[in-house]
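Undergrad: Residue numbers (this note's numbering), protein chains in the order written: chain A, 5 to 348; chain B, 5 to 348; chain C, 5 to 348.
What the hints contain is simulated information worked out from the structure, not anything from laboratory work. It cannot be assumed that every hint is accurate.
Intra- or inter-copy, both count: the list cannot distinguish identical chains.
SDA-like, lysine to any residue: derived pairs with alpha carbons at most 20 Å apart [said to hold, decoys possible]:
#: 1; residue 1: K238; residue 2: R177
#: 2; residue 1: K238; residue 2: G195
#: 3; residue 1: K238; residue 2: W193
#: 4; residue 1: K238; residue 2: T199
#: 5; residue 1: K238; residue 2: R210
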Amino acid sequence: MADGQLTAGAVAGLVGGELVGNHDLAIAGVASLDEAGPGDLTFLASARHGEAFAASRAAAALLPPRFRDLPGGPVTRILVADPRTAMLRVAGRLAPPGRPTWGIHPSVRLGRHTTWTGRIEIAPGAVLGERVRLGRDCRIGSGTVIGDGAVLGDGCHVEAHALVAPGATLGDRTRVKTGARVGMDGFAWVGDGPTRQRVPHQGPCRVGRDVEIGANATVDRGSLGATVIGDGTKIDNLAHVAHNVHIGAHCVIMAQVGIAGTTSIGDDVMIGGQAGLAGQLRVGHRARLAAQSGVIGDVPSGATVSGYPARDHRAVLRQTAALARLAPLLTSLERMTRDHADSD
Amino acid sequence: MADGQLTAGAVAGLVGGELVGNHDLAIAGVASLDEAGPGDLTFLASARHGEAFAASRAAAALLPPRFRDLPGGPVTRILVADPRTAMLRVAGRLAPPGRPTWGIHPSVRLGRHTTWTGRIEIAPGAVLGERVRLGRDCRIGSGTVIGDGAVLGDGCHVEAHALVAPGATLGDRTRVKTGARVGMDGFAWVGDGPTRQRVPHQGPCRVGRDVEIGANATVDRGSLGATVIGDGTKIDNLAHVAHNVHIGAHCVIMAQVGIAGTTSIGDDVMIGGQAGLAGQLRVGHRARLAAQSGVIGDVPSGATVSGYPARDHRAVLRQTAALARLAPLLTSLERMTRDHADSD
Amino acid sequence: MADGQLTAGAVAGLVGGELVGNHDLAIAGVASLDEAGPGDLTFLASARHGEAFAASRAAAALLPPRFRDLPGGPVTRILVADPRTAMLRVAGRLAPPGRPTWGIHPSVRLGRHTTWTGRIEIAPGAVLGERVRLGRDCRIGSGTVIGDGAVLGDGCHVEAHALVAPGATLGDRTRVKTGARVGMDGFAWVGDGPTRQRVPHQGPCRVGRDVEIGANATVDRGSLGATVIGDGTKIDNLAHVAHNVHIGAHCVIMAQVGIAGTTSIGDDVMIGGQAGLAGQLRVGHRARLAAQSGVIGDVPSGATVSGYPARDHRAVLRQTAALARLAPLLTSLERMTRDHADSD
Chain A
5 MADGQLTAGA VAGLVGGELV GNHDLAIAGV ASLDEAGPGD LTFLASARHG EAFAASRAAA
65 ALLPPRFRDL PGGPVTRILV ADPRTAMLRV AGRLAPPGRP TWGIHPSVRL GRHTTWTGRI
125 EIAPGAVLGE RVRLGRDCRI GSGTVIGDGA VLGDGCHVEA HALVAPGATL GDRTRVKTGA
185 RVGMDGFAWV GDGPTRQRVP HQGPCRVGRD VEIGANATVD RGSLGATVIG DGTKIDNLAH
245 VAHNVHIGAH CVIMAQVGIA GTTSIGDDVM IGGQAGLAGQ LRVGHRARLA AQSGVIGDVP
305 SGATVSGYPA RDHRAVLRQT AALARLAPLL TSLERMTRDH ADSD
Chain B
5 MADGQLTAGA VAGLVGGELV GNHDLAIAGV ASLDEAGPGD LTFLASARHG EAFAASRAAA
65 ALLPPRFRDL PGGPVTRILV ADPRTAMLRV AGRLAPPGRP TWGIHPSVRL GRHTTWTGRI
125 EIAPGAVLGE RVRLGRDCRI GSGTVIGDGA VLGDGCHVEA HALVAPGATL GDRTRVKTGA
185 RVGMDGFAWV GDGPTRQRVP HQGPCRVGRD VEIGANATVD RGSLGATVIG DGTKIDNLAH
245 VAHNVHIGAH CVIMAQVGIA GTTSIGDDVM IGGQAGLAGQ LRVGHRARLA AQSGVIGDVP
305 SGATVSGYPA RDHRAVLRQT AALARLAPLL TSLERMTRDH ADSD
Chain C
5 MADGQLTAGA VAGLVGGELV GNHDLAIAGV ASLDEAGPGD LTFLASARHG EAFAASRAAA
65 ALLPPRFRDL PGGPVTRILV ADPRTAMLRV AGRLAPPGRP TWGIHPSVRL GRHTTWTGRI
125 EIAPGAVLGE RVRLGRDCRI GSGTVIGDGA VLGDGCHVEA HALVAPGATL GDRTRVKTGA
185 RVGMDGFAWV GDGPTRQRVP HQGPCRVGRD VEIGANATVD RGSLGATVIG DGTKIDNLAH
245 VAHNVHIGAH CVIMAQVGIA GTTSIGDDVM IGGQAGLAGQ LRVGHRARLA AQSGVIGDVP
305 SGATVSGYPA RDHRAVLRQT AALARLAPLL TSLERMTRDH ADSD
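Please build the complete structure, drawing on both the sequences and the hints.
TA: This is the structure:
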């Protein structure tokens with residue numbers, strides 16, 4: 005096989021599936037039913053997409069054993085229990101992430117006493133301050149700014165136009181996506197009107213290992229305490245994490261979520277898109293906050309909340325249903341309460 | 005007339021209006037009633053602003069025929085049925101968009117096999133990868149990053165600090181505003197806790213013709229399928245479009261809207277600011293989603309929805325009104341249900 | 005004392021407190037109870053944190069007189085009525101904001117007729133257009149773009165990757181944080197479908213003195229009128245201010261707030277995170293809009309509103325409570341209204 009290709013037989017071996025059809029067929033890429041062309045592997049997970057399957061131009065398909073004899077569509081088929089997961093495994097094998105261009109572009113500006121270990125990629129126009137420490141295999145994108153004294157673990161990837169502020173720290177393999185801002189002053193004030201003054205921000209911003217911070221997201225540094233993001237936590241685009249927030253390990257925080265100052269979040273918490281959390285709250289482990297929740301009180305471990313103000317999700321569903329049933333009754337109810345009062 | 009000026013008579017001709025007053029008066033700019041100075045054209049559309057009109061320092065005004073004899077304000081008047089639209093036409097004539105500085109600044113870095121057609125503007129510090137293809141009359145802003153293999157149609161404008169990721173495509177005349185991120189990896193994971201792994205993103209990001217993507221907005225690429233934005237669709241600042249989302253033609257998507265993965269939106273859809281759409285949904289043509297809607301189910305063509313969970317907008321209004329009428333009744337209702345139960 | 009240090013006695017003098025313990029102890033930094041190490045000053049404001057106090061490794065602590073004899077924790081104590089405010093004063097003294105590197109980096113591009121007064125800092129890769137005017141002591145971050153004709157007052161700080169568009173003006177001491185976009189075209193259109201056309205934006209964007217615009221926030225310029233942000237107003241990260249919006253003085257606008265076109269906001273208004281305001285509205289002085297409010301009508305001076313559609317906050321709380329009490333009654337109420345109708 006050419007580089008970047010697999011035979012259908014090799015794909016079947018990789019995913020532990022049963023091959024029906026041409027063992028030597030070359031697979032060069034993966035794509036959805038609609039997008040696939042000759043040379044691509046696709047997948048079918050549900051009968052809902054049977055029509056798209058029949059019309060697909062893919063060379064071969066991953067599908068569950070029950071679809072073995074489905075009419076139409078690719079004739080080379082690999083039968084696996086979970087075609088979606090199998091697909092991802094093949095994708096990772098066929099197209100590994102873009103190969104870095106190791107080295108430092110001549111246009112990069114490096115401050116004094118900035119150090120790194122082993123190989124490194126620093127793209128054009130990046131600006132690194134003084135005393136920055138980079139682990140091995142770090143990648144720094146075009147135009148990225150890294151402030152004095154920042155520390156990056158091994159294998160970090162700070163993409164184009166991102167900013168890692170002075171003194172911020174990133175654990176191993178952490179990725180800061182394009183345009184994200186990590187470790188700047190937060191938004192805290194004392195006084196009112198013309199006498200309002202900024203609270204000085206001197207606390208650190210510590211981001212753990214295997215973290216992802218989404219494109220154009222912002223994570224402020226601490227004021228006196230620290231802002232902390234736990235290992236393995238993933239944060240989507242345009243989210244906001246304020247000063248002194250603590251986020252535990254392995255949380256998933258969707259796009260445009262906002263977390264106000266000094267709120268503390270446990271491990272394995274899921275926060276849906278556009279949810280907002282007021283400051284000074286505690287959210288327990290494994291809590292689930294639905295999209296657009298407005299959280300203004302503590303959330304116990306394991307709870308699922310939604311709505312504004314955020315409360316038990318099942319209660320919200322009951323209340324929303326009750327409200328829909330209320331409207332047509334209301335005129336009667338008003339008359340009844342009048343009659344009832346009259347009859348007292 | 006000097007360059008960048010029109011006589012009042014020429015303005016009247018341009019907008020098809022009737023001139024009252026000085027035909028030769030020079031008009032050099034357009035401005036609102038409050039902002040206009042001598043030499044500026046202003047407009048009055050409603051009697052509500054009569055006081056501001058009387059106090060305006062504008063040289064001339066566009067206004068509907070019924071205001072021909074309004075006391076005070078500019079004496080040179082151009083009478084037209086729709087002064088606001090007329091104003092925009094004059095504005096476009098007097099101050100055409102900033103003239104590009106054609107050419108490639110010496111600080112620009114161009115990758116191998118990157119090509120363009122006819123004239124081009126690439127501002128200082130921009131970084132273009134390999135095999136990028138640019139149409140004629142493209143403009144690339146300061147510090148902008150364009151990844152390997154990206155393809156831009158004719159007349160595209162990618163503003164300062166924006167990013168067009170590797171392989172993304174933009175149709176003719178599409179504008180990517182400052183700080184927007186188009187075509188990066190999305191936010192999709194398999195597994196839980198420490199075993200959570202990123203789904204590889206290999207699908208394309210295809211942006212149509214005459215599209216606008218707002219400042220600091222993010223549009224992710226597809227995972228296996230494609231992310232697609234249809235011709236003529238306009239997206240405002242800080243909006244988020246996730247992986248595999250399909251948006252039809254001529255939609256208007258206001259600021260801070262978030263659209264989760266694999267949701268599909270028809271043509272001519274309007275989405276108000278801060279609305280959020282869950283993943284895997286279908287929104288029909290010409291639907292209208294009110295600002296801050298939380299959409300968690302499909303929306304039929306032509307429907308207008310609002311609230312969380314988003315539902316028919318008139319029902320939401322009825323329910324909100326019912327809720328306001330409910331509160332004062334509630335203690336009576338509780339007593340009545342007790343009495344009623346007792347009397348059963 | 006070494007530079008950047010204070011004795012405990014000097015700290016007591018600075019904050020007007022009573023010293024208990026070692027007058028000569030060297031204080032080099034400030035930190036929260038958890039974060040403090042030897043050499044740091046910390047503070048205790050409430051008995052809730054007594055345990056953390058007992059375990060703190062801080063050299064000294066600020067605390068209210070009633071905690072003078074609290075067991076455990078730092079033995080050098082400074083007694084003050086308001087430890088938090090005292091702490092901020094010490095922090096400001098110990099670690100003044102990073103000292104600028106005055107001068108213009110050789111990689112900076114300056115347009116013709118761009119001028120400044122006294123000293124200035126322009127960091128690597130910044131791009132300034134023509135006829136830009138900068139006051140004394142301005143600081144311009146790495147990669148920042150400032151458009152033709154922009155005017156900055158004295159002591160402005162435009163951070164890395166921010167953009168100040170052509171013609172925008174900033175008052176003295178205004179700070180534009182990293183990635184913020186100030187003064188670009190807004191989002192206004194005429195026509196529908198394929199005939200939809202951009203409204204030309206020619207109005208100014210005027211930002212007052214002592215303003216702060218958060219990281220990755222966007223502030224559009226006016227279309228015909230002006231966009232205006234009043235003196236002393238603070239805007240947090242990822243907020244959006246549309247064209248022709250007027251914001252008064254000394255407002256506080258939290259993260260991810262969105263304000264649509266032509267809305268006018270008074271002085272001393274507080275807007276909670278993720279709140280959204282429709283266009284063309286008026287919000288009076290000293291109004292308070294709760295986090296996530298959806299404001300679709302005018303808000304009187306001094307009012308406090310919340311919810312969607314935003315209304316009097318106490319009414320929202322009453323209605324939310326009523327809704328929770330309604331659900332269990334509903335089946336009874338439906339039966340009662342049937343019975344009542346039958347008995348009519």
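Undergrad: For each hint, tell me whether it holds in the structure or not.
TA: Verification of the supplied hints:
{"no.": "1", "hint": "K238 <-> R177", "result": "within (12 Å within a copy, 35 Å between copies)"}
{"no.": "2", "hint": "K238 <-> G195", "result": "between (36 Å within a copy, 13 Å between copies)"}
{"no.": "3", "hint": "K238 <-> W193", "result": "between (29 Å within a copy, 9 Å between copies)"}
{"no.": "4", "hint": "K238 <-> T199", "result": "between (39 Å within a copy, 13 Å between copies)"}
{"no.": "5", "hint": "K238 <-> R210", "result": "within (14 Å within a copy, 26 Å between copies)"}
Violated hints for the displayed structure: none, as all numbered hints are satisfied.
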